[in-house]
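With these hints in hand, go ahead and build the complete structure from the sequences.
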Amino acid sequence: MSEHYDDLETRSPGDREAALFARLRSVLEAALKTPAYGKHLRGVDPAAITDRNALARLPILRKADMPSLQKEAPPFGGFVGAPLGSFGRLFTSPGPIFEPEGTGADPWGTARGLFAAGFRAGDIVLNTFSYHLTPGGFLMDSAARALGCAVIPAGPGNTEQQMEVIAAYKPQCYSGTPDFLKILIEAADARGVDISCIKRAVVSGAAFPPSLQDWVRTRGIDAYQLYATADLGLIAYETASRDGMVLNENLIVEIVRPGTGDPVAEGEVGEIVVTNLDPHHPQIRLAVGDLTAVLPGASASGRKNTRIKGWMGRADQTAKIKGMFVRPEQVAEIARRHAEIAKLRLVVGRANEIDTMTLKAEIYAEPAGFVDAVSSTLQQVTKLKGAVEILPLGALPNDGKVIADERPVG
1 MSEHYDDLET RSPGDREAAL FARLRSVLEA ALKTPAYGKH LRGVDPAAIT
51 DRNALARLPI LRKADMPSLQ KEAPPFGGFV GAPLGSFGRL FTSPGPIFEP
101 EGTGADPWGT ARGLFAAGFR AGDIVLNTFS YHLTPGGFLM DSAARALGCA
151 VIPAGPGNTE QQMEVIAAYK PQCYSGTPDF LKILIEAADA RGVDISCIKR
201 AVVSGAAFPP SLQDWVRTRG IDAYQLYATA DLGLIAYETA SRDGMVLNEN
251 LIVEIVRPGT GDPVAEGEVG EIVVTNLDPH HPQIRLAVGD LTAVLPGASA
301 SGRKNTRIKG WMGRADQTAK IKGMFVRPEQ VAEIARRHAE IAKLRLVVGR
351 ANEIDTMTLK AEIYAEPAGF VDAVSSTLQQ VTKLKGAVEI LPLGALPNDG
401 KVIADERPVG
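This note's numbering puts the first residue of the sequence shown at 1, with every later residue one more than the last.
Quick caveat, the hints were computed from the structure, so don't treat them as lab data.
Incorrect hints may appear among the rest.
What the hints assert, rightly or not - For each label pair, taking beta carbons as the anchor points, the in silico distance ranges come out as:
no., residue 1, residue 2, range
1, Ala-47, Val-409, 46 to 54 angstroms
2, Arg-350, Thr-92, 32 to 40 angstroms
3, Glu-186, Ala-73, 43 to 51 angstroms
4, Trp-215, Lys-39, 47 to 55 angstroms
5, Gly-313, Lys-199, 29 to 37 angstroms
Stated by the list, open to error - List time: in silico DSS-like cross-link candidates among lysine-lysine, alpha-carbon distance up to 27 angstroms:
no., residue 1, residue 2
6, Lys-360, Lys-401
7, Lys-401, Lys-343
8, Lys-320, Lys-343
9, Lys-385, Lys-343
Even glycine gets a Cβ: it sits at the ideal position worked out from N, Cα and C.
Structure below.
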């Protein structure tokens, strides 16, 4: 039995990079033909975007902005040029954000992740992701069927009927949230139903802490995490090596400093930005709003693509301070105005029933009047006064936070 889904997983990093950027040109050309990307990427020459440095100069498109953009130009904000009828399915996710599905056998690229989790042709999969309007159910369903599995389209909830289905079909595999897997196991225990047929699982859509991982493992289920989004499909997946999550093969993934489009150094926590190489539905530098960090080296599984730590929190750290919204983009603007700054964090607190903010700055050098100059910039950019604290390089935590709201809750 092959350990890898295909030969793409074991190609050298150099070959992978060359292949991805060779495909990018046609995707950019397709994107520029759409009204919204034509405006968003105005002046971009697709032939000039040949490496990551060139790609990093293109503007970011934020997923958080899509609901308003799509409302102005329904259904896809002008970022999709293909006719609606050319897609396989049309979805909506909370936001709302409208998403199209391609017409291929595995349009979300998820089969690779299921294969890494041990799903094989002939397996029966209990799929408990929702099939109602959102892509989750079909994202897993199409991938499992592309592998040759039979799928039970169970959806979430209705545990009594789930027990009946499991008893009748005896699925070997589960796909759904980790929380619902726990609910199913506990429901089976309470009803005396044997669900030991389930040996493998892929989980996504919620946190899967080590304590729950251990508990699921004691029940004889080998569970793997997938990192996927409703607009992009599978971004990264866990392997049997359990050494981080390997990036999917059809994407260019960057990790950038929150509030900017600037790539961070390897190992530094930042926001995930994805370019999807699908000319039918191009997505160029889409900032998904999640934090992660790149891990050094390759997976022990033999897969040569980049590994990430997985989901590490949200990049949207907007805080309301004294009635004013302060955003990561504003903190980034302060850094841009002062070349001496290496890294910033705006810490929000509360003292004497009043909001406070302190801009903590790692700096390369401190010229005369530097603190006063940065204080002035802080007030100009945020319209709020705050303190400035100078720190040595490396003093701030590597957690991706640009704004840390430390005000007490309640």
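Quick rundown of the hints versus the structure:
no., hint, in the structure
1, Ala-47 with Val-409: 46 to 54 angstroms, "52 angstroms, holds"
2, Arg-350 with Thr-92: 32 to 40 angstroms, "39 angstroms, holds"
3, Glu-186 with Ala-73: 43 to 51 angstroms, "46 angstroms, holds"
4, Trp-215 with Lys-39: 47 to 55 angstroms, "50 angstroms, holds"
5, Gly-313 with Lys-199: 29 to 37 angstroms, "32 angstroms, holds"
6, Lys-360 with Lys-401, "12 angstroms, holds"
7, Lys-401 with Lys-343, "11 angstroms, holds"
8, Lys-320 with Lys-343, "22 angstroms, holds"
9, Lys-385 with Lys-343, "20 angstroms, holds"
In summary, the structure agrees with every hint in the numbered list given earlier.
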